[in-house]
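Produce the complete structure using the sequences and hints provided.
Residue numbers (UniProt numbering), protein chains in the order written: chain A, 1 to 499; chain B, 1 to 499; chain C, 1 to 499; chain D, 1 to 499.
A portion of the hints provided could be inaccurate.
When chains are identical, the list treats them as one kind, so a pair holds in a single copy or across two.
With a cut-off of at most 20 Å between alpha-carbon atoms, the simulated EDC-like pairs for lysine to aspartate or glutamate come out as follows [to be verified]:
1. 335 - 314
2. 361 - 482
3. 365 - 314
4. 361 - 446
5. 365 - 69
6. 156 - 429
7. 156 - 249
8. 400 - 446
9. 156 - 129
10. 79 - 234
11. 110 - 429
12. 356 - 69
13. 361 - 70
14. 400 - 218
15. 361 - 218
16. 356 - 218
17. 365 - 70
18. 472 - 482
19. 400 - 220
Source of the hints: derived by calculation from the structure; they are not laboratory data.
Protein chains: 4
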Amino acid sequence: MTDKPRDYCGIFGIQNHPDAALLTYYGLHSLQHRGQESAGITTSYFDEEEERWIMPTHRDFGLVLNVFDDQNIFKEELKGRAAIGHNRYSTSGASKNPANIQPFRVHYRKGNIAIGHNGNLANAKQLRDRFREEGVLFQSTSDTELILHLISHSQKDTQLEQVLEALEQVEGAYSLVMLTDDKLIAVRDPNGFRPLALGKVDGSYCVASETCAFDIIDAEYIRDVEPGEVLVMDQESDADSEPESYFLEPEHGTDTSQCIFEYVYFSRPDSKIFGENVDKVRRNLGKYLAKEHPIDEMLTKETKHKPIVISVPDSSNTAALGYVHENQKLGRECKFEIGLIRNHYVGRTFISPGQKQREQKVRTKFNTVQGVIEGRSVIIVDDSIVRGTTSRYLVDMIRKSNPAEVHFLVSSPPIISPCYYGMDFPTPEELMANRYDRNIDDMAEEIGVDSLCYLSPDGLVNAVKEANVSPKGYCTACFTEDYPVPVNFGVEKEANEII
Amino acid sequence: MTDKPRDYCGIFGIQNHPDAALLTYYGLHSLQHRGQESAGITTSYFDEEEERWIMPTHRDFGLVLNVFDDQNIFKEELKGRAAIGHNRYSTSGASKNPANIQPFRVHYRKGNIAIGHNGNLANAKQLRDRFREEGVLFQSTSDTELILHLISHSQKDTQLEQVLEALEQVEGAYSLVMLTDDKLIAVRDPNGFRPLALGKVDGSYCVASETCAFDIIDAEYIRDVEPGEVLVMDQESDADSEPESYFLEPEHGTDTSQCIFEYVYFSRPDSKIFGENVDKVRRNLGKYLAKEHPIDEMLTKETKHKPIVISVPDSSNTAALGYVHENQKLGRECKFEIGLIRNHYVGRTFISPGQKQREQKVRTKFNTVQGVIEGRSVIIVDDSIVRGTTSRYLVDMIRKSNPAEVHFLVSSPPIISPCYYGMDFPTPEELMANRYDRNIDDMAEEIGVDSLCYLSPDGLVNAVKEANVSPKGYCTACFTEDYPVPVNFGVEKEANEII
Amino acid sequence: MTDKPRDYCGIFGIQNHPDAALLTYYGLHSLQHRGQESAGITTSYFDEEEERWIMPTHRDFGLVLNVFDDQNIFKEELKGRAAIGHNRYSTSGASKNPANIQPFRVHYRKGNIAIGHNGNLANAKQLRDRFREEGVLFQSTSDTELILHLISHSQKDTQLEQVLEALEQVEGAYSLVMLTDDKLIAVRDPNGFRPLALGKVDGSYCVASETCAFDIIDAEYIRDVEPGEVLVMDQESDADSEPESYFLEPEHGTDTSQCIFEYVYFSRPDSKIFGENVDKVRRNLGKYLAKEHPIDEMLTKETKHKPIVISVPDSSNTAALGYVHENQKLGRECKFEIGLIRNHYVGRTFISPGQKQREQKVRTKFNTVQGVIEGRSVIIVDDSIVRGTTSRYLVDMIRKSNPAEVHFLVSSPPIISPCYYGMDFPTPEELMANRYDRNIDDMAEEIGVDSLCYLSPDGLVNAVKEANVSPKGYCTACFTEDYPVPVNFGVEKEANEII
Amino acid sequence: MTDKPRDYCGIFGIQNHPDAALLTYYGLHSLQHRGQESAGITTSYFDEEEERWIMPTHRDFGLVLNVFDDQNIFKEELKGRAAIGHNRYSTSGASKNPANIQPFRVHYRKGNIAIGHNGNLANAKQLRDRFREEGVLFQSTSDTELILHLISHSQKDTQLEQVLEALEQVEGAYSLVMLTDDKLIAVRDPNGFRPLALGKVDGSYCVASETCAFDIIDAEYIRDVEPGEVLVMDQESDADSEPESYFLEPEHGTDTSQCIFEYVYFSRPDSKIFGENVDKVRRNLGKYLAKEHPIDEMLTKETKHKPIVISVPDSSNTAALGYVHENQKLGRECKFEIGLIRNHYVGRTFISPGQKQREQKVRTKFNTVQGVIEGRSVIIVDDSIVRGTTSRYLVDMIRKSNPAEVHFLVSSPPIISPCYYGMDFPTPEELMANRYDRNIDDMAEEIGVDSLCYLSPDGLVNAVKEANVSPKGYCTACFTEDYPVPVNFGVEKEANEII
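In structure tokens:
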């Protein structure tokens, strides 16, 4: 797996609103789970005195709350009726370079352009190599900067034509928000890997990675930006100015392939993505889990202990409830309990000699409720297992409260392969499923449970499609190794960077 | 109500352990919910070269994670086999004075002494007046500093005797951890207002406000420090050195009066305090709520909608579950659902003109899960209502998801009076129950619900006593105005401070 | 020598002026040479709403320019028509304690009091011991805090009486500026060790360590505060309110003993102190140096090289000019030249292995002008030699520019003994004069010059008295070991500190 | 005048030395007067493990002392045997962009390259326009970045050939230090506008803007880098590896035109630049001033007061001494005195309503020595007058000390025109000489002196040439409007910047 930055990100954009920057702030805040490393907002306004467009930008490392810690930023600095914003989480060393914090903004011969990007380009290496040969210098290792160079090098007449020409050349996963001198542009790649929704507030259009960003500003959800759609809105509109749509041709003739992992883990349960409530889909995962692994079958025959179902909070709560309710519906004895308490103040973990870093990390993040667990048959529901080490320590911790049995249910299939479309997993060798040759019994032993069950790949897809009123194709590559768009590797560590 | 600082606090202490500071760090981290404003640790060791005891102290504003952000603090700075730590939250302006960050440490003619305090002295004004007349100068407005001056002015021979003489002079609520030159001392006031538990890890004794601090360091809970007990432990013990106990006489012949609000809201559900698991007690509050307000009676007669019970996460989760399970047990249709999502990234809220600060704050902190709420009869369970404004906006938000009905259940009685023993409430005039003359119907209208029900004061006490295997007396002053220890008011804003 | 802090300091005070804080800022800025470690200003105003006096204080480590880096500090924070300010330099570890930054401010039963102090108390140990026995707690190791405790413990009726009672109990060197609730008080100890001048600007009185602080605010010099004088001014005066004077009795019947080293090195040449211009006195030191060591006698007989006189900039410039002009007046060939350039950007010095810290420090601070020095007989004039190591490296550096000869003239006698009255010198063993048993030839060899000459103690005193229109007694203890006030040593490292 | 950044700068480079970064630090420190806004160092080493060259860079806003405040920077971060460094002062808003802090470093297809630049390109606009048309994006508004793009776009085979091809395309003023993967390259433009000297220390070559940077590291001055010379040195040399020289063709057939203002004001007096000691040249300016304006002619006839000559410290000290010594040599009565004291702690100036910013700034920076000035005929020597406002307030201040007469001598001609080669002056309209139509009497009246005299342009050039053992051509454009290289204006504020 290449070590270039592969970002989780949240993006937001809004046009034609007097509080554009402030609403973007709240949008980013509600998307904080998609990236806690850095945040930024760019606005746009026409300066009457200087007779030109200005795009003020405020960006920094840190949570949205810390990057924008002064009301004056919105009032005095980030002026304008259009804004875009970006949250980012990166796992590579490149994350330390402030030049990698988005939105990126550029002033070139056609005017200003700003961009925020969620996803990963599949042909970044080829594009970068081409520019390198010409002698073009970069200031970051980010895929996103490539899009700006493509736009700037385009010899088309208008900014919009340049953007379209640039997008024809990139492949892979990208949801984008852009500001040109007078437009707000929202883009979703032809496969529709990453989500992007369209909303409306006070008569102004807004776009966001998830609809929870609409709720916080009291905006109404309209529809998703379509896979391959380039949605163009005026920054400052007259009454009836409507967005215009352009469509990108899929490079590889592929179908829609929306990231199914957004439903499994990544998105917030109160969001609607890919056209459906995450809560509803995730609840259905629990239901399918109950079908594939009824609670009675989980328990060892001899047990007389009443089973309880607990979730690993907070991401697995809904799937666990779905599991419980389905079992109850089918007449099986099954009770939802809160057996794990999560400490939401999380930071660096210090260890003393002989201690294990990851063990202490688990203990710092979770604690058990002894009275709930003691003497019971405990069914833990979690959304996924990556390395397995955390699960192991979690089980160890639960065992200390003396349960009768411990079973582990996962509301998705084993993760066996990396994601090249914007989600970050460790190397294949580090994945638990690979370390134990996908042998479930060995994996159960590794994490120390009486039994371990996964939702099947078919179960996953069916559960998602059943819950979704308008299902499309999904990317399940991390569970199936079935990659919808080919990827190029081997990008060098340092590109043509000025630093 | 006087505006002097009244602190929520968490305290921790440990003796005779090679990782004393590190374990104190984890203890404080797990007590973070008791005070997010500042944190500090003091350790103690005998410097062979200087031939005297040294008490290194590291304190600052901020979360435990930020105050101690470098492993070297524990290794190189905070040396010693004994340590005490303190988390603090203060609501007064005095909070900005770094001199108010605990532990306080003093070097005086008998040696070093350090102290961390949870609670509020009831006779602080008299003590302060006495010192002021003498011309003694203070460096903070904290009650805690008074205890140090009492110790330092004592003409007794030993530090322990001085501590005991000082404690005989103070009244009110105080749980204390102290380090003298060779002892760790843990104290609980004769009324036992605030919790303090004794634990053991690797053969070393430790004390903490709540037992969740023991779990994180894998310590075993031994027993509570008794009301009025002064527990004295050697900093560095030989094998069989056991703690010695001294007992303070209650000033006013009062009985034990442990803060019942710790069970209602303040303590973590995974902690054991006052000898019982908070989860168990809180679940019993839900059970009593079900007895006093069965779900059937809540609903309007004509409704055909299936009722769901949702909690205001995370503090009301357990009471809500208790309510659901009791109703189910009694054969009533009742379902626990997750209808509110809490965003744990919380900080400053910015508003645009015309917006309401508190409304935006609620929207920043919570979001509804529309699919869960729409068309249902929703029973919200919350642990308490203070001003009522937050509840109102929360209900507004829920109403936007189109429930059929909205009912509000509170797992404690109406708050009608301030706490003078270490818990912070707004002025009596700001409390919702007082603003509406304790008229429940008016209060229901104010927060916009179809019905509002509180647990009765008797229900509260009975629920707590039933759940607790060894119940003692409780202070319920904030619900009943029945104050176990008289309080003196009118302390001036600025004492004899050197600043 | 005890290692308790012994401070260089600059103090300033002003009453009845609308820009009290801003003028104090400029006063402190011009006194920056007296203390670069920390700075602070306290003002005083009557808050009509709160019906009490408030004394806002702004203090921090750093230069005056950095501590007060925002105009708003003067406008919004430091309100009031009276202000005092303090610059400080301390050599002890205690310097790291922010509690040691002055002015100190206290609120006690009689009101507010603030104090800024230049000097060192001779009986600090006795006073501290007395308080320690009582159990009084300190927050700093500073002598100055003792004065506040003495005032606060006084049972007199008025603040002024309390101040006078407190001052009767302290001995040693102290120039003070104080604010009580409605007075500005300026004090000079009975010996008059440290300077303090009275000025007037826009009808308001001001006091300052040196008159350069008057020039920067366009104030007029009136007279010195007299030794033993307690000058009391209203904070907000009516038209004709004049200062009142009280006088302290000298403890030991001693005469005036003003610090002669202020003239030699410490004060700015453009200041008037002890009633006379420093430039004039320092020029006279050069003249007496010319009398005791005429330039002809300095040079070796065989030399044919034209002699040049260079100073170690900037503190020795005036004495060097005085030396040159007197020699010229007496018909001796003598030329003033600039042979050393000083780099005023000075900070930490880094060294590579094998390098000498102090050597690099000299090279970082000074450079020679080769064209001036090459082939000439160079007479270096410096104001004093302390350890001698710096002089040695300076001479080494000059030698690299190939002078014919190098002679070293010092415009004061050898330093042989510590100062206990507010000036900081290294331990007696480190002083060059002591290391070489006061043997001038050995000292010349040590610093590598062809000859070394000092001004005699008598020459020093006569030069000062001749230049001064109203000469008084001077303290020459560092040159003569003749201490006018006895000093007590042995204060412990840590007093009764709350920290 | 265009408002693009026009930098004062100091540059330094060294090859083949174990303490390359540390020596560069000291070099930059001694060049601090050439730029106080930001500082940076880049080193270069071959990483055996990664098998590639690494160029660590440490840069920030602030003084050299603050940017490099930790010894570890030199030991652990800035590894390598070759280093370049850069100090910068910029007057434009662009100064706030951290991307403008040099050295710039780039990694491109041929390897690493780093660059530090003193000067201004005359054809920056054309170069930038050409790149803009292609769509190349910039990250700064700096001329220096253009050079990097030229190198990166060159299709030559080696880094050295690319550098040479790039330099053939730039015009104007540039002294450069560069690191390629294995070379240290020092360049001076064909006109030789800005200085650059070659030195040697411990067998290693070093280059610096002024030789004071050699003195501080005990390096020996070898010779100047020649106008048009590209001096190439191995980063890590074998014993006898000598620098190789390449020469650039002058674009416009112009002759050498070294900046004469470096001698007048900018360089340090202890430096050798353009082959001669600044002190010697500056002293000759004083001598020519005495020839053109003998002291007798300055004084009004009726005066009986003894004249004194004072300088505006520190930059005019040497010229003032030269003036005095020449007058004395010619038998005229003339005495050098120190009449102005400069406060070297300078920062922001705060004003109260009604005060003049610049007046307070002068008073904050200078004070008079009253005893020196009172009753005397005072001749002030200053190196130059720009706006004249500072001079006016200085004269006002001197007048307050009651001199008999005040005359003003300037050791250079009136400044009448901007510099486009790296020196910063205000707009032509702001220059005093232009505001008064170059009428000397009006200018004298403006600054409030009895007479005002300038050195003539011929006097300036003759004085410089007489003092210089190997004189070359000089640029005197700011005094004469005679520009040796044509300049293109009109660069837009914002180039193709990614920010």
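Structure versus earlier hints - violations, ascending order: Per hint list: 2, 6, 11 violated.
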